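**Q** Modelling step: build the complete structure from the supplied sequences, incorporating the hints.
Residue numbers (numbering that gives the first Met the number 0): 0 to 447.
Everything labelled a hint here was simulated from the structure, so no lab data went into it. Because the structure is a prediction, the values reported are computed rather than measured. Heads up, a few of these hints could be off.
Pairs of lysine-lysine, DSSO-like flavour, derived with a Cα cap of 30 Å [unchecked claim]:
#, residue 1, residue 2
1, Lys145, Lys106
2, Lys86, Lys168
3, Lys259, Lys209
4, Lys198, Lys188
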Amino acid sequence: MSFEFSNKYLKQLSRAVEQEENEYIINEFDGMHSADISTVMEGLSAEDCKYILELLNPSVGADVISEIEDDTRNNFLTLFTPQELSKYMDNTDSDDAADILNDMPVKVREEVLASMNNNEKVQYIIDLLHYEEDCAGGLMAKELVKANINWNVSQCIEEVRRQGQNVDKIYTVYVVDDHDILLGRISMKKLLIANDLTKVADLYEPEIAKVYSYLDEEEVADIMQHYDLEVIPVINVQGRLLGRITIDDVVDVITEQAEKDQQAMSGLSEDVEETDSLIAMARARLPWLIVGMSGGLLGANFLGGFEEELSRIPAMAFFIPLITATGGNVGIQSSTIVVQSLASGGFQGSAMNRYLRVLVIAILNGLTLAALVYGFNMIFSDNHQLAIVVSFALFSVIMIASFMGTITPLVLSKFGINPALASGPFITTCNDLIGLGVYFMVAKALLH
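**A** Shown next, in the form of structure tokens:
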């Protein structure tokens, strides 16, 4: 269940900050989860956030900074000095600390690192800052627990105790050789029940899922979903163990990608947040609105070439919205299903089988809707010729829109373009123009 609060509660907190009621503030947040504290801070001013954060334990404050939304965090962190920030970075996991510092100016980042007390953490962060944010190296944390294959169980458990002090959760113990080459894993259960003198080499499991540091974050998410993993090790091209990626980081990747796909399907040309300026939000919407408007203008000019058909059967104009709307809906349905399948890795099998399925579904839907429209026309109109034109055109538009909705995201994906673009104004505009063209060409062919 998500944490909820009211505007009254926020005003009460702001008043407590203004009046420096420190005991009340500390008691209010005592025992509250860091994610809930970050939710509260989303509704407060940057100054209030800073004041409250300074009253919290540094380890709790570090968790809150990691949980809070990027825009809010960047706003109030500018109020801290590098020395003040360093105590929070000392208590933050290396992957989160690298992400936070990466958003800061280079000079501030260097001063924060220079002020930190945990030298090992500093080196971890510096290593992580070399990786791109959207690859496995940018997702991983350096903190992990590893054991040498030549150790016995007693040595291994002693090292787990020592290394585990810097790790929030120990999911597994990685087994490496003298050069830190990843060889496999060993479960905590095996370590705890084995004889102290038993060699790690006799207990470890050599089969282990792993990813290279350069692998794209979405591929990492797919692998962890496929194997139902809570954590996955990261290696370099030589096979050396570099770090680990946990499920919470992958959930963030999946959420961000879903948001980007939704924005692309809505016709937004760039990533926008609620806190962005009005100009930025308008700029993100404008390109695809222009595409849609251009399609409408082309459609209007296109209609001018079929004045003769419209003059012969004026009632044809009544069915233009039906043709364009149905084509658009069918195209969006098809493209959305393909985009979802591509995202989940479910679009498998031979290409011919995929297209045959699309063809059969389109025929079934086309025949059903065409029959319904034909029946409607025959009941409410005595124009048999118009009924045939509209029904045949509708069937043709459904067939073409299904094909377009299927093939377009596949082509975009093939060329490395976000296939979600096909589910927005692009596919709608194309299907509107194609629908009008098919409608009037069918009319011209049948009427003549």
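**Q** Looking at the structure, which of the earlier hints fail to hold?
**A** 1
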